[in-house]
Amino acid sequence: MSAAAAAAAAVRRRFAAGAWRGPVAFAAIAVLALAVAPATLSPFRLELLAKYLCFAIAALGIGLAWGKGGMLTLGQGVFFGLGGYAMAMHLKLAEAGPGELPDFMVWSGVEQLPMLWEPFRQPWFAILMVVLLPGTVAALLGLLVFGRRVRGAYFAILTQALAAAFVIWLVGQQGLTGGTNGLTNFSSFFGLDLADPADQRVLYFAVAVVLGLLYLAFRHLVASRYGRLLVAVRDGEDRVRFLGYDPAVVKTVAFTLSAISAGIAGALFVPVVGIVSPALLGVVPSLELVFAVAVGGRYTLAGAVLGAVLLNYAKTTFSEHYADGWLYLQGALFVIVMAYAPKGAVGVAGQLRDLAAKRRRPRGARPVPHPAEHPAERSAEEGAAA
Amino acid sequence: MRITSFGRRSARLAALSLAVALATTACASDKSTSKASGGADTGGSTIKVGVLHSLSGTMAISEVTVKNSVLLAIDEINAKGGVMGKKVEPVVEDGASDWPTFAEKAQKLISSDKVAVTFGGWTSASRKAMLPVYEKNKQLLFYPVQYEGLESSPYIFYTGATTNQQIVPALDYLKSQGKKKIFLVGSDYVFPRTANKIIKKYADANGMQIVGEEYTPLGHTEYSTLINKVVDAKPDAVFNTLNGDSNVAFFKQLRGTGVKAADMPVLSVSVAEEEVRGIGPDYLAGQPVAWNYYQTTEGARNTEFVAAYKAKYGADKVTSDPMEAGYNSVYLWKAAVEKAGSFDPEAVKKACDGVSIDAPEGKVTIDGATQHVYKTARIGVVQSDGQIKEVWNSGGPIKPDPYLKEYPWAAGL
Amino acid sequence: MNAFLNQLPVGLSIGAVLLLIALGLTFTFGQMGVVNMAHGEFIMAGAYTAYMLQDWAGRQAVLVALPVAFAVAGLMGLALERTLIRRFYGRPLDTLLLTWGVSLLLQQAARDLFGAPNVQVKAPEWLVGGAAVHGIRMPYARIFILVLALVCVAAIWFYLARTRQGRRMQAVMQNRELAACSGIATSRVDQRTFFIGSGLAGVAGVALTLIGPVGPALGTYYIVDAFLVVVAGGLGQLRGAVIAAFVLGLLNSYVEYWSDASLAKVVVFAVIIGFLQLRPQGLFVLRSRKLT
Chain A
1 MSAAAAAAAA VRRRFAAGAW RGPVAFAAIA VLALAVAPAT LSPFRLELLA KYLCFAIAAL
61 GIGLAWGKGG MLTLGQGVFF GLGGYAMAMH LKLAEAGPGE LPDFMVWSGV EQLPMLWEPF
121 RQPWFAILMV VLLPGTVAAL LGLLVFGRRV RGAYFAILTQ ALAAAFVIWL VGQQGLTGGT
181 NGLTNFSSFF GLDLADPADQ RVLYFAVAVV LGLLYLAFRH LVASRYGRLL VAVRDGEDRV
241 RFLGYDPAVV KTVAFTLSAI SAGIAGALFV PVVGIVSPAL LGVVPSLELV FAVAVGGRYT
301 LAGAVLGAVL LNYAKTTFSE HYADGWLYLQ GALFVIVMAY APKGAVGVAG QLRDLAAKRR
361 RPRGARPVPH PAEHPAERSA EEGAAA
Chain B
1 MRITSFGRRS ARLAALSLAV ALATTACASD KSTSKASGGA DTGGSTIKVG VLHSLSGTMA
61 ISEVTVKNSV LLAIDEINAK GGVMGKKVEP VVEDGASDWP TFAEKAQKLI SSDKVAVTFG
121 GWTSASRKAM LPVYEKNKQL LFYPVQYEGL ESSPYIFYTG ATTNQQIVPA LDYLKSQGKK
181 KIFLVGSDYV FPRTANKIIK KYADANGMQI VGEEYTPLGH TEYSTLINKV VDAKPDAVFN
241 TLNGDSNVAF FKQLRGTGVK AADMPVLSVS VAEEEVRGIG PDYLAGQPVA WNYYQTTEGA
301 RNTEFVAAYK AKYGADKVTS DPMEAGYNSV YLWKAAVEKA GSFDPEAVKK ACDGVSIDAP
361 EGKVTIDGAT QHVYKTARIG VVQSDGQIKE VWNSGGPIKP DPYLKEYPWA AGL
Chain C
1 MNAFLNQLPV GLSIGAVLLL IALGLTFTFG QMGVVNMAHG EFIMAGAYTA YMLQDWAGRQ
61 AVLVALPVAF AVAGLMGLAL ERTLIRRFYG RPLDTLLLTW GVSLLLQQAA RDLFGAPNVQ
121 VKAPEWLVGG AAVHGIRMPY ARIFILVLAL VCVAAIWFYL ARTRQGRRMQ AVMQNRELAA
181 CSGIATSRVD QRTFFIGSGL AGVAGVALTL IGPVGPALGT YYIVDAFLVV VAGGLGQLRG
241 AVIAAFVLGL LNSYVEYWSD ASLAKVVVFA VIIGFLQLRP QGLFVLRSRK LT
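Here the protein sequences come in this chain order: A, B and C.
With full-length UniProt numbering applied, the first sequence corresponds to residues 1 to 386, in that order.
With full-length UniProt numbering applied, the second sequence corresponds to residues 1 to 413, in that order.
With full-length UniProt numbering applied, the third sequence corresponds to residues 1 to 292, in that order.
If you're looking for bench data, these hints aren't it; they were derived computationally from the structure.
A virtual CB, placed ideally from N, CA and C, is assigned to each residue, including glycine.
Please note that a few of the clues may not be correct.
Said to hold, decoys possible - Sample of chain A residues at the chain B side, in silico, Cβ under 10 Å: (1) 45; (2) 107; (3) 167; (4) 176; (5) 182; (6) 188; (7) 192; (8) 269; (9) 273; (10) 276; (11) 279; (12) 327; (13) 331; (14) 335; (15) 339.
The shape of chain A in the complex, shown without the other chains (with noise of 0.2 Å):
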């Protein structure tokens, strides 16, 4: 109850301080996602909405993970992959229906289910895998990693090594996993029917809000006292352990939370696009999430979303027009946004008016630093080499 009032005080406080505008745009936001675009979207392009709206769930991790906790985590691309696994492979055995094998099973010479896979005929812990196995990995892969202070590019290297190892063995298995191929050819997801373009629709209004109540929370998460402590870690890890705290706790709550949402987007991509496989696990792919985030913005997770929505927007869109022209696109945009706009899309705003304001005042009084600048960032970092 005290909890509530409290928030309820809070609310009162910054609506007063004109701090309106963020529910207003976000609701502006919810508008637009949940009745302008299926209104006017034809069921094609809803569904690729929804595939990129997944994505946008899996770059909210990242930019809480990286974003404010500074951990450059370049596989994603596992927890996504459990996370997806786990829903296909229920799928799959629904599909199958009781007794009988996955399609894939057949070809690939397997006669009797897995161990493995019999739990996940119960929705309910298909559901609960999709949750538990990516936030597992990723506790107990923290807790070692960040409990011996390995961080910074050793950190981003070793995740990088651990998305390559996981593909390599996923794509060893094929009896149990599909090899290659992955898992593909589902027709129905609790008992929406995926041929069916209004069912479609449902599916793709729940991953709006699935995104919608996970960016509330995480927004909430970094406001609250951890989130700070996250972002302290991120920009002097040693002085919050001075502190008292232990910054690789702080840290592996950051970095489970990030993957447990890449494993809730990689259950919905699914059934939305249909498929899992390696090939969306891998460096690549994990590289390309976080690019993603890049563009849109490390800093907030507004500028996640917008990024991973917008690339793959930009993506579907070029590779149907220019194909070739893509990589070109990527790598200059890469290189553009980290030499240029380190704060991504989001951050361009801000960086023209800082450079206005210069312009205005070439001398004197400088703007208030952003919290978020090299400088601290770079204290933090430079920890990676000693």
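Starting from the structure of chain A, add chains B and C where the hints point.
Quick look at chains B and C alone, frame taken from chain A:
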């Protein structure tokens, strides 16, 4: 941040909403085509067809050549008046060597472009990803590459070889050469694993012995250990189902052991003229390969095809089996449409049985029951100029049998 | 026993390849904290240099290409350092993403320049084939790569320990600020480091034409392995890189012999992740009193 950056945040949010709005309206631009699925647009004087191959990524190496030969066939058909009086208009899409992208683009071709048929795919994984899309929308896909069999989708036409038109004849050839001990080497994916399953069954029934079976990840480039295993096992021949770049590394490193093609031939099923160029005939000369077509295959129709391809894409280009199958696909579709007198997929399916064309590889006929084609199997040997010389063929087109039902030894696959 | 002996040269030659591809990285990553994902594309540039030189040098192109590729890749590296990386010192994670963008650009450029299919590089006659001593096989190309790797290590060691420039490089690596205070032009040292590090990638690329494919995707096959060697060996540590490369090479060869190629790769990755639990900074650690 809360105090100092109100302006910043609101600007950010404004930018965000603007961007979403833009994206939404941009997406909405094809609202006019918002019908659920399918139904080719047959009204105008042109008919659209989809061409869906990887133009970027790891598979581009192989698939671009197939795209080229499909476009060549479309050009030729248009020059002769099109299909049922309509010009064929290709819509080319990039599968980007990524299976989910294949599914997405397939759906796009069907629902946005309203194509009458799609020619595309190379890897088994891309076909498996597209299969549900074509079945769901009841539209046609022509798939041009040899594959692992055990599939017969009602909406896919398979114009490359199935196992009994490539793998089985290759085994017959090895048997006729007196090769008893075989080592299996393959990339780790569906085609090699299924092919090897068939090979093992065949070996059991034919008194051959499998002395080893090894898989490497796709894109693997380190083969010394594997080659040690092969050489230690002293096989009479190696059956190679490696894919793509791995072949280059395998053959270069195999050469380092000094083992000659004459003593231990490596029979490959995924090495065609195009791959020979990338590996280098130095490393391959004398090695056997199994396909249904070679650039050197005799016949006036092939001379014409090779000349037309070189004229369009450059004199230094080569033609290969998957390219020829892609080229045939377009002609087969045209013949089936004309027989049906309609572009409707169901009508085409109904009319397809027995449809036959004079292809560069010889006569090619559709088998209506399986929607595969009759093809002649050919074993060739790589020459030092990079061309492949035919040394054996099956004597005539073999009836496709994707489930190997006619082969008693294959029971239980 | 025979299998054990036969796998020994295999392990050493895998190690030599790993060493060659990682050698340059130990310096760009170790000294400058730049995570250069475009390193793989510099390797590719070296391989294409050998391909281009064939018109002129015929079958001996591989030999001629060694110094040329060093210069070509080195200059590419230098250009990258001068135009972009310079802006990023102290932001290693950003360089990772930046250079990944660069690597995409270079891959696509290679595709447009040389075509998507692999190209042929003919090996000199004397590198084709192999020798067998007491039943142990040793391909000539592998011996050549092993010798080349050792020569490179020796040259680097000599440069670092015996030349003025090399000692400056070490000084900057150990303590950049102090080195700057002592009058060392650190930015010039950085340029030199980047030139040498990238040049070594070019040399590796030439060597790889003997045993692998030459195409636009060449770099992507080796980049992850190269980073793992550096991470396992310790940043900027020559002996660390040498030991890590050969240990990983041997590990790979034996695990693969008794299982298969996929498992060997997974095991190598797992071992490295486990090893970093024991020694988060790699085999050898640069000691400094810097507070993080």
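The hints, checked one at a time:
no.	hint	verdict
1	45	holds (5 Å)
2	107	holds (5 Å)
3	167	holds (8 Å)
4	176	violated (13 Å)
5	182	holds (7 Å)
6	188	violated (12 Å)
7	192	violated (14 Å)
8	269	holds (8 Å)
9	273	holds (5 Å)
10	276	holds (8 Å)
11	279	holds (5 Å)
12	327	holds (6 Å)
13	331	violated (12 Å)
14	335	violated (19 Å)
15	339	violated (20 Å)
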